[in-house]
Every structure is written in structure tokens, then in C-alpha cells.
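**Student:** Those protein sequence lines, which keep their order, are chains D and C.
Under the numbering used here, the letters of the first sequence match residues 1 to 115, in that order.
Under the numbering used here, the letters of the second sequence match residues 1 to 109, in that order.
Hints listed in this document are in silico derivations from the structure and should not be mistaken for laboratory results.
Treat the hints loosely; a few may be bogus.
Pairwise CB distance ranges, derived in the manner of DEER restraints [what the hints assert, rightly or not]:
1. D:Leu41 / C:Thr106: 39 to 49 Å
2. D:Arg96 / C:Asn66: 17 to 27 Å
3. C:Thr106 / D:Pro108: 18 to 28 Å
Here chain D is said to cover these stretches of chain C; the calculated rule only asks that three of the stretch's residues, wherever they fall, bring their Cβ under 8 Å from a Cβ of chain D [said to hold, decoys possible]:
4. 23 to 36
5. 55 to 61
6. 75 to 82
What you are looking at is a predicted structure, and each value in this text was computed from that prediction instead of being measured.
Each residue gets a CB set at the ideal place from its N, CA and C atoms; glycine is no exception.
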Amino acid sequence: EAQVTQNPRYLITVTGKKLTVTCSQNMNHEYMSWYRQDPGLGLRQIYYSMNVEVTDKGDVPEGYKVSRKEKRNFPLILESPSPNQTSLYFCASSWRGLAGVDTQYFGPGTRLTVL
Amino acid sequence: QKEVEQNSGPLSVPEGAIASLNCTYSDRVSQSFFWYRQYSGKSPELIMSIYSNGDKEDGRFTAQLNKASQYVSLLIRDSQPSDSATYLCAVNPDNDMRFGAGTRLTVKP
């Protein structure tokens, strides 16, 4: 089954404790992306990757890191989480067509609470 | 100024009516336009994609794109209670993706 998986689905942590949210896709997509979703603000892109070893900042990259060492995986790293990073996080992947980024396939989401 | 603007709603329509959702965007170089549906607590899923000016129909859904006016819309005909969700407009201006804040639609039986 074609899918994007994220782990963990729920996480409660404390300020300053490093954490990693994993993302994996089995569709051989080149493009992968991380978003956060907050009430009234919609989905905001944190980082994206157009292929292995190619990453770039989205709208809200501060406080986050990513890596793309393999095509299927795109982990999101919070080196020192703060309460303002409490949010719902989505990973997504897609092909890139002639018109640019194509349909995004989203993971199930990770609800993160930073105390 | 936000790059992708949507009416936040809520938009309420009776069952069987046409629901009209609108979106404007600021970046003229955008090539790809998408409508996603998101049920509460779930991840977004694609409803329609559109790349050229004009209308694109898929079942009860019609997407309309006007690049000159930087405007994209989604019409839902014969609205059903199961269409009640938040609808997200998305635009691909470069290699990034920009989403609107979403319009919450309620279809009343």
C-alpha cells in the first residue's frame, strides 16, 4: 500500500529535550516536505527536500533541522524544543512534474506538545 | 500580506446546494494549484489539481482557475453532509508549497 508514515503520532516532551520525528514514504517520490498546522494559520511549510541531500527552508524553519540521506526518509529534528513548537506536524511526499510540485500525499500527523 | 488567501468561513449550505469556495494568491509565477479536503483530526487529501486557465470537472467538483486575476475556486455541486470539512487551497510558486488557512464548510441535512 502506497503510504507516508510518521512516528510518533503523539508526543509530550519538555523544553530543551532533543527529539526526532521520523517520516518515511514507499512511493519513490523525489519531493518530501514538513508542515506544521496551527489553528487559524493553516499549513505552513517548515522544510522541503527535492531529492537526496537536497533540502531547503520553507516559511517557518527556525528551531528545526532536517536531513535527507535516503530517498524514502525525511526526519524532522527539534534540537531544543520550546513551547511555541507545540503543534500538529505533517510530513508529505510527491512527484515533481513539468509544472512543479505535484499532488502531496500526507502522513497521518504527529501531535507534539512541548511543556 | 498572506500569499494564499481564503475566506475562513464557516460556510454553511443546505444539503443539495452548491458550495463555492474561493482562493486568491499573490505569486504570479505559480504553475500548480490544488484543493485539499481535511476532516477534523485527519490529514489533508487531494480533491482537485488544476494547471491551466479554465474549468476542470471531476464528478461533483469543479475547479476554476484564472491566472490573470490570480484566482482559483472550487465548486461542489449537490453538497452532502459528508462534504463537511475544511478545504485548503494550495499553490506551488517555486519549489515550495503555500497553503491558505482553509475554509470550513458545513453542509446541513
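**Student:** With reference to the structure, classify each hint as holding or not holding.
**Tutor:** Do the hints match the structure? See the list:
1. D:Leu41 / C:Thr106: 39 to 49 Å: With Cβ atoms ~21 Å apart, the hint is violated.
2. D:Arg96 / C:Asn66: 17 to 27 Å: holds, 25 Å
3. C:Thr106 / D:Pro108: 18 to 28 Å: For proline 108 (chain D) against threonine 106 (chain C), whose Cβ atoms are near 24 Å apart, the range 18 to 28 Å holds.
4. 23 to 36: It holds, with 4 qualifying residues against the three required.
5. 55 to 61: violated (count 0)
6. 75 to 82: violated (count 0)
Taken one by one, the earlier hints fail for this structure at numbers 1, 5 and 6, listed in ascending order.
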